[in-house]
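**Student:** Go by the hints and put chains B, C and D onto chain A.
First to last, the protein sequences are chains A, B, C and D.
For the first sequence, numbering that gives the first Met the number 0 begins at 0 and goes up steadily by one.
For the second sequence, numbering that gives the first Met the number 0 begins at 0 and goes up steadily by one.
For the third sequence, numbering that gives the first Met the number 0 begins at 0 and goes up steadily by one.
For the fourth sequence, numbering that gives the first Met the number 0 begins at 0 and goes up steadily by one.
It should be emphasised that the hints constitute simulated quantities derived from the structure, not laboratory data.
There's no promise every hint is true.
It does not matter which identical chain is meant; a pair holds if it fits inside one copy or across any two.
Using 20 Å as the maximum straight-line C-alpha spacing, the simulated PhoX-like pairs for lysine-lysine come out as follows [claimed, not checked]:
| no. | residue 1 | residue 2 |
| --- | --- | --- |
| 1 | K355 | K223 |
| 2 | K355 | K344 |
| 3 | K295 | K144 |
| 4 | K344 | K279 |
| 5 | K4 | K295 |
| 6 | K50 | K39 |
Note that the structure is a prediction, hence the values are computed from the model and not measured.
There are 4 protein chains.
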Amino acid sequence: MEICKPLKTEDYVVQPVVDVSPPKWHMAHTTWFFENFILKAHKKKYEVFDKDFAYLFNSYYEEEGERTLRPERGFISRPGVEEIVRYREHVDHHMFELLDELDEITEEFSYLMELGLNHEQQHQELLVTDIKYILGHNPIFPVYKDFPEGEEVPKVNFKENYLEFADGIYDIGHKEKSFCFDNERGAHNVYLHHYQVLDRLISNDEYMEFMAAGGYSNFRYWLKEGWDWIQENKITAPMYWHRIDKEWYHYTLSGLRKVNPYVAVSHVSFYEAEAFARWKGKRLLTEFEWENSCKKLRNEIPETSNFLEKGYFSPVPRVTESFQFYGDVWEWTNSAYLPYPYYQKSDGALGEYNGKFMINQMVLRGGSCATPISHIRSTYRNFFHPNLRWQFSGIRLAESID
Amino acid sequence: MEICKPLKTEDYVVQPVVDVSPPKWHMAHTTWFFENFILKAHKKKYEVFDKDFAYLFNSYYEEEGERTLRPERGFISRPGVEEIVRYREHVDHHMFELLDELDEITEEFSYLMELGLNHEQQHQELLVTDIKYILGHNPIFPVYKDFPEGEEVPKVNFKENYLEFADGIYDIGHKEKSFCFDNERGAHNVYLHHYQVLDRLISNDEYMEFMAAGGYSNFRYWLKEGWDWIQENKITAPMYWHRIDKEWYHYTLSGLRKVNPYVAVSHVSFYEAEAFARWKGKRLLTEFEWENSCKKLRNEIPETSNFLEKGYFSPVPRVTESFQFYGDVWEWTNSAYLPYPYYQKSDGALGEYNGKFMINQMVLRGGSCATPISHIRSTYRNFFHPNLRWQFSGIRLAESID
Amino acid sequence: MEICKPLKTEDYVVQPVVDVSPPKWHMAHTTWFFENFILKAHKKKYEVFDKDFAYLFNSYYEEEGERTLRPERGFISRPGVEEIVRYREHVDHHMFELLDELDEITEEFSYLMELGLNHEQQHQELLVTDIKYILGHNPIFPVYKDFPEGEEVPKVNFKENYLEFADGIYDIGHKEKSFCFDNERGAHNVYLHHYQVLDRLISNDEYMEFMAAGGYSNFRYWLKEGWDWIQENKITAPMYWHRIDKEWYHYTLSGLRKVNPYVAVSHVSFYEAEAFARWKGKRLLTEFEWENSCKKLRNEIPETSNFLEKGYFSPVPRVTESFQFYGDVWEWTNSAYLPYPYYQKSDGALGEYNGKFMINQMVLRGGSCATPISHIRSTYRNFFHPNLRWQFSGIRLAESID
Amino acid sequence: MEICKPLKTEDYVVQPVVDVSPPKWHMAHTTWFFENFILKAHKKKYEVFDKDFAYLFNSYYEEEGERTLRPERGFISRPGVEEIVRYREHVDHHMFELLDELDEITEEFSYLMELGLNHEQQHQELLVTDIKYILGHNPIFPVYKDFPEGEEVPKVNFKENYLEFADGIYDIGHKEKSFCFDNERGAHNVYLHHYQVLDRLISNDEYMEFMAAGGYSNFRYWLKEGWDWIQENKITAPMYWHRIDKEWYHYTLSGLRKVNPYVAVSHVSFYEAEAFARWKGKRLLTEFEWENSCKKLRNEIPETSNFLEKGYFSPVPRVTESFQFYGDVWEWTNSAYLPYPYYQKSDGALGEYNGKFMINQMVLRGGSCATPISHIRSTYRNFFHPNLRWQFSGIRLAESID
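Isolated chain A (complex conformation) (with noise of 0.2 Å):
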């Protein structure tokens, strides 16, 4: 809700690409999250809110039932914002009742809970990607809010340097028995070789020498599909990008803003990262690399990250010299989206939350601007199509070590 707060009603509508979902199609998902797959099983006499909402707010649970077709979320109008905020506080409402009522809270209800509540970050995380591209593709480019953006200079040089490791079998996976997605179980061992990853993100600065030496068009440093795709979409930059008067601007929450070459370049496919990287000679990790290093350096998530809570929707400089492998902006591996070895999905409609969609997806690790700090995690494996860029993703670079 507090995410939402700067928005104008005609904000929540709009869907102006299939991947970017109306805000308050978002709002009303969390919500039916909770009351179908908590208040309908486990609150006594609990009637919904609205009978339609199941057809209306089901994402892709075919377990589920019916629902509208994705690309469609845009053209429903009703029921309004003011309806569906009435619909959240029905359900927040009837939560803390049911929490009340709850003699004992068993396993599966905690789980639900933690699920319930994972689910409506990344619905935080979806909210405030999703503004940014609905404002940001108007093109008078409202602003949404006029966060501060860090103009200062870095504190820290961008040297290239590298954390190196040693090659062996590693742990994957969660262990632990804290909260975890489905995807993240079965830990398990990888074998890795000697490698070595540079100890921060790719700058805008170094992203803007790749596009001045030509890398947009020569296809020596592309997939086969990622020069096809930059062909068909005449992509020559990051999105959000605009060349005006000879200099690069780019989109931000808080309007078009001069891009600041001490920042992680953000925005950016899986195809430019991969693209970027052969550029400099050097490869991306994989996520067991971006785990491996991650749990070696005992990087617990420092303080000064630039998660959702920090409220800068935006990759800021870096601040410390401390090895930044959390927040800013999300880290395109070159691992494909795929099972562990011991994976079993869910049951039940909840089983088609992650598993279901392991094919032709890139796994990104370790988090960004606008993921709240409490929801990420060494293991946690986030994964899109290799053109979308419309969340904040960035660059990291790695090689093998003979």
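**Tutor:** Chains B, C and D only, in chain A's frame:
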């Protein structure tokens, strides 16, 4: 403004299909029309309300420069409804000032004013049909306003009464000094052969007979492109019709209602109108036969005609025996929209109003329940592509007599 | 068979675009037409050559059942050319036998024979244009046959000589007993206002002037759909034209040749013809003006006319001063292809020949260098969608006189 | 040349779908590969046969310049088959001359020769599968060659016999000096957990059980993109299967034949393979499990394996009890096609051979009845998009053991 009153803010934003524009776009575009073509040219020191609006709210005037792509009108959440209302008030205010200031009303100015008002009326009709589309394609079928639909039994029979007209040379086109669009000018002669026309529109009852007789599954009645169109789009009934418990319902601006057999069938495409006529062993009229019949009958527009001002926003049962050539639904003719012999398009941007659309469209005549009564006349030529049916469009039959 | 002689076996198979059929398909389809509509109905104990052929070689006759989808004709390698030649010989043989056997030639039989032969002639023309498309879209521009192209200077001037016609009621349509298609029947009156028409076709020279004057980049000359069409398809010249070393060349069936300025422009779409006329301050004729002009001039088809039999397969320089209303290129008219007042489509499958195409197409008149001379007449109506240009199609100008 | 012998000239030209190339294109392209990469570089005074051929027959080597668009290969009728045979003879002749002339065979030259021959072998396989597609999508199902299909009953049971493999670190990739593609190099360690694999391929019989159990209509077995794919394409059986009189038939290169239950299922997509495995409660192998199993079993390729040389061009019943890891059908693995840790793409145009395809494709292992026996090895990585099924592709099951 009156038409928009029952809307929620969210309803103003949505564009579910390329032909349907968001209500706030209509509101801003008609305002821009006055600002751009009248205030900018005639009001001293007038400054445009917002220079971005030309880009946002120009429809298709190449002469006026770049503009939002038509399919993307529904992606633009800002400026919001309130700001557009302020825009309208601003332009209204300056229009009134201008009218006060003017020493004399030139013929050119008078023409622009009439054009602006007629343009406004056209968008009033589009507002009604677009709102119907937006709400009627929402799975919860919201009610716009609870109109009385005139459910009582018809006062007159649905006999097949034909009116006969002798062959000869007839006058076509607008001759008087009064306002008309450039496509009506170039009054000229047309030779018509002996023909007769039905004195009323085809009813839902008759159309349901066609459906029951397998009209939609027999290629013999259809133009090839019509047949392909119903196959591809799986069309088996007029737009807005739903089969529920073995009865036909249709969405009206008052919500889902049972189809009234005594009312003119509406929301059919040219293809459907033509197939119906062929099934009946008749044909559609040409636009010349329509105009001539209308003029010959000295058919002044009857007070009982169902136009916008009646407030039904839906066809209603026939109330008189008099010949029904106006209102309820536009009548598809079998005439392609082409220039008259002496057609001259206007100069400058306003020359783009009509002439450039003279290909691949069919002419409709007579106005509908969403047309302002003062907007219509016997020479008025409306035009749409043969597959479109979100307008109130229906059927009248005719035949040639040897 | 004669037209196909210069082909290689491979050329018979290819369908580079949906409108163009493989030559072996034409060969088999015209043969099937005789087998299906004549032999099966009239020859005793006739057995079809191969029962699969109805599926493979029916074009669009719904009445005759399922058939190969039009865009898939080029995917069918078998039956091969040799087998289709055998099919043709088989059907020819049985046709001759049938003609010998018949005691009397009924009117219906005679009509079917004439229809079959006219159908054959239509496919002769399509063979020429489709072969041109197949070879002309091969990057190595193969030569079909080294026709003399008549490169000599024109014998006559390209003055702008207009022929004037008074207003009045004129006869349109086919009246005689002789064969015609059903779309020409229904002879009737049309009132024409005073008009004049250019006594010749527009030349390449004049068209190059239009191009040089920026005709393709000025929206003012174009119908909206035409303007969209040239943008989307990046069209800047007639089909088959190539700019090489600052000169215009075009593919002819004799290979790439320099564009001859003294020859009628060809392979333009309706959109281009209309834009050219608007640029010239004139307009295209209606099909009625064309037919009337032709009849009034008692324009018997001159022997010098460039039809199929001349063997040029390309427009040639004008050789006489006489009015050139036939041959070289079809002339786009500004008339939509619609039924005449008394139009009756034929019964059964043959009723699908013309009537079901009467939407979204424009009429062309006069025949071309690929039309058999005995196939054409002053009442003949050809028709294509306004964007098509693989036929030999050109331009004649007209204007209304007050 | 041998594979093409049964073709008619017409069969050489057709491209019914973008993935399938015309046989004459394959013939010319493999020839061009030798001419372009070997003769041009190594033969003194060699002149190319025809300078247009680089444009016509380059497949996807950006480094080598512009080329015919892939979907347009089937529109090119010339050069004809005879000319391409001459081209081939010409290049063969010069290749033999070159081999005679060479004083020493450098390592680079030797690699190019082996690459050229392996490239040739890949197109031999593609020729078989593309010919099958071309003839198998012709409604008359032509016979390519009347192969004996091995209809006899299977000699061995179809028990579910699983082979178990302990966890540990295993060698993956090509280590020997012998030829391999660059995507197999970078021999490295992979940690595998305890797993077991079925010692044979899934049979038609088992797959028909899946179909009978409603496999194609239960979303629970499907990846989301797989489910969307079967809906959109109305897929209810493997490619080439037809339901006739309540029996399953499939097209083979010997024509339509009844599906043999004792033969490996073929022409399934990754989506179908994955859904089948999920239905069975198992999973597909990873490519590493496949390679390791194969190496551990010291699985030299058995003489009985069904490869191209056997001449069946179709999977056949199992003839021995020995573990069947080679031939019949390629086995979909659940590994995405990605680079190995030490992967280095080759320099220049040949670097485009493999690396640029490493996205959105899944690895297949083991070779098929259309693969030359000398082409395959345990480290060989084939790859296709998960929806493709015109290759001989089938299913092997595995599972993890705790």
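**Student:** Could you run down the list of hints and mark each one as holding or not?
**Tutor:** For each hint, the structure was consulted:
1. K355 - K223: Only across copies: K355 and K223 sit 5 Å apart there, 26 Å inside one copy, limit 20 Å.
2. K355 - K344: within (9 Å within a copy, 33 Å between copies)
3. K295 - K144: neither (38 Å within a copy, 62 Å between copies)
4. K344 - K279: between (39 Å within a copy, 15 Å between copies)
5. K4 - K295: neither (40 Å within a copy, 62 Å between copies)
6. K50 - K39: within (12 Å within a copy, 52 Å between copies)
Violation of the numbered hints given earlier is confined to hints 3, 5; the remaining hints are satisfied by the structure.
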